[in-house]
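2 protein chains.
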Amino acid sequence: MNFDEIIALDKADPLAQKRLEFDLPVNTIYLDGNSLGALPKSVKSKVAEVVSQQWGNDLIKSWNSHNWIDLPIRVGEKIAPIIGAAKGQVICCDSISVNLFKLLCSALTLNSERTVVLSTKDNFPTDLYMVQGLSDLLGPDLCQLQMVEEQDIEQSLNESVAVLLLTQVNFRTGNLLDMAKLTKLAHEKGILVIWDLAHSAGALSVELDKCEADFAVGCGYKYLNGGPGSPAFVYVAKRHQYAIKQPLSGWMGHSKPFAFNPEYQAASNINQFQCGTPSVISMSVLDAALDVWQDVDMLQIRTKSVELAEVFLQLIQGNECLHDLLLCSPKLAEQRGSQLAFSHHDAFAICQALIEKGVVADFRAPNIIRFGFTPLYTSFEDVWRAVTTLTNIVESGFYKEQRFNITLKVT
Amino acid sequence: MNFDEIIALDKADPLAQKRLEFDLPVNTIYLDGNSLGALPKSVKSKVAEVVSQQWGNDLIKSWNSHNWIDLPIRVGEKIAPIIGAAKGQVICCDSISVNLFKLLCSALTLNSERTVVLSTKDNFPTDLYMVQGLSDLLGPDLCQLQMVEEQDIEQSLNESVAVLLLTQVNFRTGNLLDMAKLTKLAHEKGILVIWDLAHSAGALSVELDKCEADFAVGCGYKYLNGGPGSPAFVYVAKRHQYAIKQPLSGWMGHSKPFAFNPEYQAASNINQFQCGTPSVISMSVLDAALDVWQDVDMLQIRTKSVELAEVFLQLIQGNECLHDLLLCSPKLAEQRGSQLAFSHHDAFAICQALIEKGVVADFRAPNIIRFGFTPLYTSFEDVWRAVTTLTNIVESGFYKEQRFNITLKVT
Numbered sequence: 001m002n003f004d005e006i007i008a009l010d011k012a013d014p015l016a017q018k019r020l021e022f023d024l025p026v027n028t029i030y031l032d033g034n035s036l037g038a039l040p041k042s043v044k045s046k047v048a049e050v051v052s053q054q055w056g057n058d059l060i061k062s063w064n065s066h067n068w069i070d071l072p073i074r075v076g077e078k079i080a081p082i083i084g085a086a087k088g089q090v091i092c093c094d095s096i097s098v099n100l101f102k103l104l105c106s107a108l109t110l111n112s113e114r115t116v117v118l119s120t121k122d123n124f125p126t127d128l129y130m131v132q133g134l135s136d137l138l139g140p141d142l143c144q145l146q147m148v149e150e151q152d153i154e155q156s157l158n159e160s161v162a163v164l165l166l167t168q169v170n171f172r173t174g175n176l177l178d179m180a181k182l183t184k185l186a187h188e189k190g191i192l193v194i195w196d197l198a199h200s201a202g203a204l205s206v207e208l209d210k211c212e213a214d215f216a217v218g219c220g221y222k223y224l225n226g227g228p229g230s231p232a233f234v235y236v237a238k239r240h241q242y243a244i245k246q247p248l249s250g251w252m253g254h255s256k257p258f259a260f261n262p263e264y265q266a267a268s269n270i271n272q273f274q275c276g277t278p279s280v281i282s283m284s285v286l287d288a289a290l291d292v293w294q295d296v297d298m299l300q301i302r303t304k305s306v307e308l309a310e311v312f313l314q315l316i317q318g319n320e321c322l323h324d325l326l327l328c329s330p331k332l333a334e335q336r337g338s339q340l341a342f343s344h345h346d347a348f349a350i351c352q353a354l355i356e357k358g359v360v361a362d363f364r365a366p367n368i369i370r371f372g373f374t375p376l377y378t379s380f381e382d383v384w385r386a387v388t389t390l391t392n393i394v395e396s397g398f399y400k401e402q403r404f405n406i407t408l409k410v411t
Numbered sequence: 001m002n003f004d005e006i007i008a009l010d011k012a013d014p015l016a017q018k019r020l021e022f023d024l025p026v027n028t029i030y031l032d033g034n035s036l037g038a039l040p041k042s043v044k045s046k047v048a049e050v051v052s053q054q055w056g057n058d059l060i061k062s063w064n065s066h067n068w069i070d071l072p073i074r075v076g077e078k079i080a081p082i083i084g085a086a087k088g089q090v091i092c093c094d095s096i097s098v099n100l101f102k103l104l105c106s107a108l109t110l111n112s113e114r115t116v117v118l119s120t121k122d123n124f125p126t127d128l129y130m131v132q133g134l135s136d137l138l139g140p141d142l143c144q145l146q147m148v149e150e151q152d153i154e155q156s157l158n159e160s161v162a163v164l165l166l167t168q169v170n171f172r173t174g175n176l177l178d179m180a181k182l183t184k185l186a187h188e189k190g191i192l193v194i195w196d197l198a199h200s201a202g203a204l205s206v207e208l209d210k211c212e213a214d215f216a217v218g219c220g221y222k223y224l225n226g227g228p229g230s231p232a233f234v235y236v237a238k239r240h241q242y243a244i245k246q247p248l249s250g251w252m253g254h255s256k257p258f259a260f261n262p263e264y265q266a267a268s269n270i271n272q273f274q275c276g277t278p279s280v281i282s283m284s285v286l287d288a289a290l291d292v293w294q295d296v297d298m299l300q301i302r303t304k305s306v307e308l309a310e311v312f313l314q315l316i317q318g319n320e321c322l323h324d325l326l327l328c329s330p331k332l333a334e335q336r337g338s339q340l341a342f343s344h345h346d347a348f349a350i351c352q353a354l355i356e357k358g359v360v361a362d363f364r365a366p367n368i369i370r371f372g373f374t375p376l377y378t379s380f381e382d383v384w385r386a387v388t389t390l391t392n393i394v395e396s397g398f399y400k401e402q403r404f405n406i407t408l409k410v411t
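The listed protein sequences correspond, in order, to chains A and B. Residue numbers for the first sequence follow this note's numbering, so the first one is 1 and each next one is one higher. Residue numbers for the second sequence follow this note's numbering, so the first one is 1 and each next one is one higher.
No lab work stands behind these hints, which were simulated from the structure alone. By construction, the Cβ of each residue, glycine as well, lies at the ideal position given by its N, Cα and C atoms. Some hints here could point you the wrong way.
To be clear about the criterion: a stretch of chain A counts as covered by chain B if any three or more of its residues have a C-beta under 8 angstroms from a C-beta of chain B, and this derived list gives those stretches [said to hold, decoys possible]:
1) 37-46
2) 57-65
3) 132-138
4) 181-194
5) 282-296
6) 326-340
7) 383-397
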């Protein structure tokens, strides 16, 4: 594959114009949108307006006049089509971790005859930690975490399992779990499923409703480009909303928050999953960032994501000097999310050298480099230039010279 | 009291210059900083820098280069002197509601022989709701809420009470509880105390350490001027930090979050009270807003707060036509926070009419108007003009004409 073919791919890309809606840093190839999404241009004026006009000038009146009070629902409804959810099932609030706690309690209550929360050993740690925290609180008679390898999920589904907690796309390897199949198998055993969409919302075509998913969480700061620490979201299938009660029963989840009644009465819809006062500034940023998605077809996102990764892989594998980079992601594109992970004994040094040369990838302990592909703003030319830079770094041994200067401070 | 005397008070006010650090709306007298604080001028450039430079340009590298990772601690340490806390005890994270859940669980675990959480009937509802949610989750054998009137707190302290949950300043009446006395009385009965500082942090001289407080929460968006839905904070006395474990055990509370270990190991310090990824944009706004406090003496804040309220009260009470406004706040200044509440059978209409005439106060169901005094930016002239406007509205009956046009949508 040569540079002309790469340019032809960019020319044929139906999403190519989307890149213009982002403020990308100069002289940088950003392949880390799976950790923190890039800045949509519309955000800058929006945040200035929210701060100066809505907060500074209109002050408390903005709860009504700028409808701050409905922000969590409004933002949730913008996320819904991106994850295949019909209306009334998604709300924006808190963090993934806090939202997982709400859903774990809800699901365990629905399945109160059972105690096991089944998850995978290499799930993103916070998912496992939240189960451990709940298990310590309730005791093992009510909640216990069982961790298995990803390939052992299916055979571990049995009638002792109350909740299956899975991240659709593995944060290290990018391995993509089959949501439709696993949800169906779990339901056959009476198991409720919580899907963590951190690495899939905005990265591929998620179909929560079609898969008859029960619950999901996801974050705003990766592929949804909502900014660092952007609020997260919760999905609760309509059929479960009347039956459950989540324990983080803050005033915003009350059926009538402004009645200031001392008795909690949960809202009977998705509003119940709110807890405290919404984070208006951060949520408004996400709100603006989500406008980029209005005319986007998620199948186009997936198609381009696969192409970007396939081209990257082809360029890497066609280059002898990069053979020490061992693919940790699945070989088949349909089994991957929107990233490629490689192990290398000098992964950390290579990653730092790449960043120094303007190619931003990221490192995950102990020895993995991740390259994320964000179809909205990653071009095929980016992929070409990233591999060229990587080749230069490895061929020249530049990364070895650098390694002694590096402070190990990784996020 | 005449207008010249009012102007003299402003001239003698050592905090008068602080008002210049805020962007206050024109033609508005803002007496609702107890609900949403005004915009500090420094915030506008800060948020633009965080969005454009830190996020937009530096992207993922900012976790290190702009030290996002330490924001919760950095902001916590800026709040600490405002609430009388020595270092290492305050962290910024989540909302008051979520933080109350962490503290309630922590306190109940420390006092595991007991089950009662004692609070007041007219505590801010979310505080009560969070106890109710926890009680539903754990069952009444482990947690039960007992609500009493404020005046009955002392006589309700007994050996069955595990946790005393109090808001220092009542959100409706502004009644100020005696933190030193109540904490001491509670400790004598083996009760742990959680103080909600929503209406006191930044409004008066809070002395958590001196009172030997156990735990506290507070919000960033009232007197701390951190913007709508600004993140909250948690205080945990040093002596309790080693003994407790809070159940919302997200990855940011782990002793080594970036080791990505599947087993949760709580940080042994205040960091444990973090849960998910911090809300960088909102927290940076609060960070900038807190710089206003650097050279502020909290005793000066309290002195001015009392004076503002006393002048307001004197002007109201000296005006015959305002005699239908009945003071719901304590008569004695030392028993009040930084607000005055009045009941009136037409409270809602009067409040709306005031807002229409540029005086922003707020309404609390069923019949209360609250006027908040924020010593950093409320002037004595504001107080004078507010009472003049109120007098005109009541004398003219203007508020009665308005009442039929008002949509009941209050926050």
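Hint check results:
Counting residues of the segment 37-46 of chain A whose C-beta sits closer than 8 angstroms to any C-beta of chain B gives 4, which meets the bar of three, so the coverage hint holds. Given as covered by chain B, the segment 57-65 of chain A passes the check, having 8 residues with a CB less than 8 angstroms from a CB of that chain where 3 are the minimum. Coverage of the segment 132-138 of chain A by chain B holds in this model, with 6 residues showing a Cβ closer than 8 angstroms to a Cβ of that chain against a need of three. Only residues whose beta carbon comes within less than 8 angstroms of a beta carbon in chain B count, and the segment 181-194 of chain A has 0; fewer than three means the coverage is violated.
Only residues whose beta carbon comes within less than 8 angstroms of a beta carbon in chain B count, and the segment 282-296 of chain A has 3; three or more means the coverage holds. Counting residues of the segment 326-340 of chain A whose beta carbon lies closer than 8 angstroms to any beta carbon of chain B gives 0, which falls below the threshold of three, so the coverage claim is violated. Counting residues of the segment 383-397 of chain A whose beta-carbon sits less than 8 angstroms from any beta-carbon of chain B gives 0, not enough to reach three: the coverage restraint is violated.
Violated hints, in rising order: 4, 6, 7; the structure is consistent with all others.
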